[in-house]
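Grab the two chains, each in its own frame, and use the hints to assemble them into the complex.
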Amino acid sequence: MNEGPMREGPMSEGPMNPVLDIRGLRLHLPKTARPVLDGVDLTVAERETVALVGESGSGKTLTSRSVLRLLPPGATTEGVVDVQGESVLTMDPARLRRLRTHTAAMVFQDPRAAINPLRRIGDFLTESLRLNADLPAADADRRAGELLEAVGLSGRALRQYPGQLSGGMLQRVMIAAALMGDPVLILADEPTTALDVTTQAEVVALLGDLRERFGTGLLFVTHDLGLAAAISDRVYVMYAGRIAETGPAEALFNRPRHPYTAALLASTPRLDAPPGRLAAIDGRPPSLQEELTGCPFAPRCAFATQVCTEEMPPPLPVRGEPNRLVACHHSDRLADQLAGRTVHE
Amino acid sequence: MTTALLHRPGLARIRTSRSWLYLLCLGFVGVIVLVALLAPWLSPHDPNAVDLGNALAGPSGSHPLGVDGSGRDTLSRLMTGARTSLLGPLGVVVFSTVAGVAVGLAAGWRGGWLDSVLSRSTELVFAFPGLLLAILIVSIYGEGLFAPVVALGFAYLPYVSRLTRSLVLAERERPYIEAYRVQGHSALQICLRHVLPNIAPVVLAQSTINFGYALIDLAGLSFLGLGVPALTPDWGRMVFDGETAIQSGYPLSAILPCVAIVLTVVAFNVVGEHWADQVARRDR
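From first to last, the protein sequence lines stand for chains A and B. Heads up, the first sequence stops at 339 in the numbering used here, and the numbers go up one at a time, no gaps. Heads up, the second sequence stops at 305 in the numbering used here, and the numbers go up one at a time, no gaps.
If we strip away everything but chain B, and leave its shape as in the complex, we get (with noise of 0.2 Å):
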């Protein structure tokens, strides 16, 4: 059933007795988004108005986060940068999650030599690491934010589908299916009006995850130089910009974005790893 999500033993602790915790990384996650969507009205300044006079001061009354090293407000620059902060990830969950599950419910379904086409060259991908597939992609196409998605969602799509394919395989031993099956229903109207409703609750999950995983990716990316144009903000983009601050001894502009990708995985991952608690204990 759903056999890859009911064993988790490093997070007992933190699932069973603090549901709190929960609540408080539903509530950042909440609060992420929201900054994200109305960034533009909320941003005190715009994000890259360069004031060098002003270059690596600390927080004051009108910059209470400071100033990096070209003078550009940082509270701005992060709410902005939560934008494609969070596109990003999202392009990668959406485009891995909806091409993974299509793979993995053919393979699972069909069986068969499909099965084995499809896991074998999936399984391909897992020989590249994500970020490297990533690198030559952005260096043939050139920075942008689409490249490096594209890139990544290809990484990240055998994660979904191999948990799609064992998510089918069991699901279609069920009697139920059979039961359907002898009601005259076709063999692709039960895959999709049953079987996709029945595994996606963990399929989401698992995808809520992958979207962790895959911001920190993309800001890794971003921080190399490889994810979005220079002048876009980023937090990845930030941390790389802040690096001559830090050596000047003003180290806030870089820490921040910083504590900002590590609060919103962090977040990301007890909300999915919630989830997909509460499906794996569900009574089915």
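Isolated chain A (complex conformation) (with noise of 0.2 Å):
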């Protein structure tokens, strides 16, 4: 096991084996006023599964993908990311192809359009590893016939075609095919949002066994709040290229102390909430086109005062939770208000 290079700081107190560490993550893309990642720092350890909940546009799936660096045509990076202790953004690319295939694995929002629909489920499965790691054909075949087995498939859609499997199950090869190189860390990127309800809670579960049978990471990138809270050990939120706020994911949910985590939880629509609107922000998230110069979600923010929008906040450990950064100049405040609303609830 390769010994990533251990960061002191702040996170001293999180995971001590980490197999992805992104550290000051910034993504620049063409014809933008700003960073679309702008100091993105996340740690994903071994057996950890951590979530990075934020809504469309902040940045969380190009995270993600940074990771395999699947970067869109034209980005520029600064930072680090480290998988298992090897530099992503730097490596070659027979190195980078040797970690795409063995060391990790992404798992897609759509699994019928992630799968070529001409070839059998067997040929999808095994083919990275016959082409790339000269495994025999028949070894290849046992493998992606245990693992269909591990994730709930019988061997008999080795010989199937996409088009002949349903939605949940297309995911089931998906999970299979990201399992096949023996990978340390899974990347999911919504992996649940094209599936409906019961088959997203069947694959949740089935995520979170796989987790402890195999041994991997998860990095579960998703904006649903609640199967993040269900699924992960800690969370991520991601606000217009930042990370808002961090720690495990009972605190962070139950003691929001960023606004915007807050706002999105209360934002959640709940079954046994009184009828009526359901609450939103107001405002919308800042354009790429704009220069920021304060905090980000200032302009949207009850609390924000002068200081919000001069002076951008940093990460900072939350009062009395060593192991919980935020990044919000008025995180106290928020907190002593959400005590006193919860007396009224």
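There's no promise every hint is true.
As the list claims (entries may be wrong) - With the Cβ distance kept under 7 Å, some of the chain A side facing chain B (calculated, not the full set):
#1 Leu62
#2 Arg91
#3 Met100
#4 Phe102
#5 Ala107
#6 Ile109
None of these hints come from the bench; they were simulated from the model. In this text, a Cβ means the ideal position worked out from N, Cα and C, and glycines have one as well.
Written as structure tokens, this is what we have:
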């Protein structure tokens, strides 16, 4: 096991053995006024499930894709993305392919689009190992069969075409494909968005099981807070290319310390809530054409003061909870207010 | 996706309601190919045996389709002529398909300057009519089958490469390409093992249609005396040879090769259209 460079500082209480370590990742795209990702710090340890939450355009998908160096054309990056201690952003193409084959895998949002419709499932699962790892076809087939069983499909699916399987089954195939190379890290980019609710629950449960069984780290990108709370050990909340808040899932959702997290939680539809309009966050996320001087959430924030528009809040440990970080000037005020409000309910 | 072939209003009726036409044409194509392959054994006479005493005779027991102005048996010449008349277009289609797919694949997959260079230079070929190009090359290299086939192959290349390029551009953006990429496949592997097979049916359907056009072009060249050498039986050449017969009032030996050309071209087009439609309708 490669020993990743250990980092001192506020996160030193975090995971000891990160399989994924992103530090200060900035990503520029051509024709934008500000970086799409602006100093993202994120770690995933062995066997850990980390959720990355945010609304559309917050940069969560780009963050997960940069782990495999799957960047849009013209993108320039700064910062470090280490997978098992190897720097992804600077490695040569051959190493990158080895990383993609063996070390880190990705599960896509829409399995029906992500699997070549004209090839059998068996082909799809085994091709990478047969071609890139020189595994004999018989061994690859055997492994594919085992993994299909592990994700709850019968080995018969090996000989079927994607069109013959349902969306949920295909997502299981996708997950099996991700496990083929025995990776230490799986990146799941909204893997349940294209599935119906019961299938979602099954896939999420499956991902949890597999993490136990195969010991992989899981970075789960989603906009579904409920799902993130259910599946993850730690959560990162992203807003406008920055990490707004991070911490253990339970603490973060029970006691949000960033106004954005609080607003997101308040706008989650609930079955037991009184009928009426859903709560929404006023305004919209800053456009990529705008330069940002202060906190990106300031224009939509109820707590914003002058300092918010002038000074970018650095990520700082939360008072009394050293394993949480929040990038907000007024997180203490929020804490006091929320404490007051919970009494009302 | 398969935008190039999705919308074909003109032939909609033929396609949907009358698949017997497709079967008929497929059968006809099959028969023509068989006859061409077996011509030396099937033809009742030597196609080049001259019998001037019997010139321009009408259909009879030993010459069911009559003889031409030199007394050669028309049926035998049609059968043997099928060989050169099909071999030529086959060469054109094979050349233009292989080269066109290579060019289109490179242009569409790599994009950027390579795309610009390849696309612009193949479009340059559009500026010359294919036949003119062929005539030019024949006038340099002399008559024979090879020169016009290569010339027409170049003339048809841009049609294939354009189609391939647009298909590759669409295919490249599909998420499964990315899924293969994150499995550690190289771009070349993905391109050759997945993109190429997935677009092949559309390209092949188009090439079948091209076959008909190439057949007409080559027959036209032969008619102008620029295609095959004088004695080789060839449908286009037969029309040319039959000119004098028409003037003498015996049009059969000129009309029959015309009919053969038209029927074969129509048959290939219907078959190609049908395949293209099947591909376009295919649930992808």
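The hints, checked one at a time:
Below 7 Å, beta-carbon pairs count as interface contacts, and Leu62(A) has one with chain B at about 5 Å; its hint therefore holds. Because the closest C-beta pair between Arg91(A) and chain B is about 5 Å apart, less than 7 Å, the hint holds. With its C-beta approaching chain B no nearer than about 5 Å, Met100(A) sits inside the 7 Å limit, and its interface hint holds. Using the Cβ-Cβ criterion of 7 Å, the hint placing Phe102(A) at the interface with chain B is satisfied: the shortest such distance is roughly 6 Å.
Checking Ala107(A) against chain B: minimum C-beta separation of about 4 Å stays under 7 Å; hint holds. With a least beta-carbon distance of about 6 Å to chain B, the hint placing Ile109(A) at the interface is held under the 7 Å criterion.
Checked against the numbered hints above, the structure breaks none of them.
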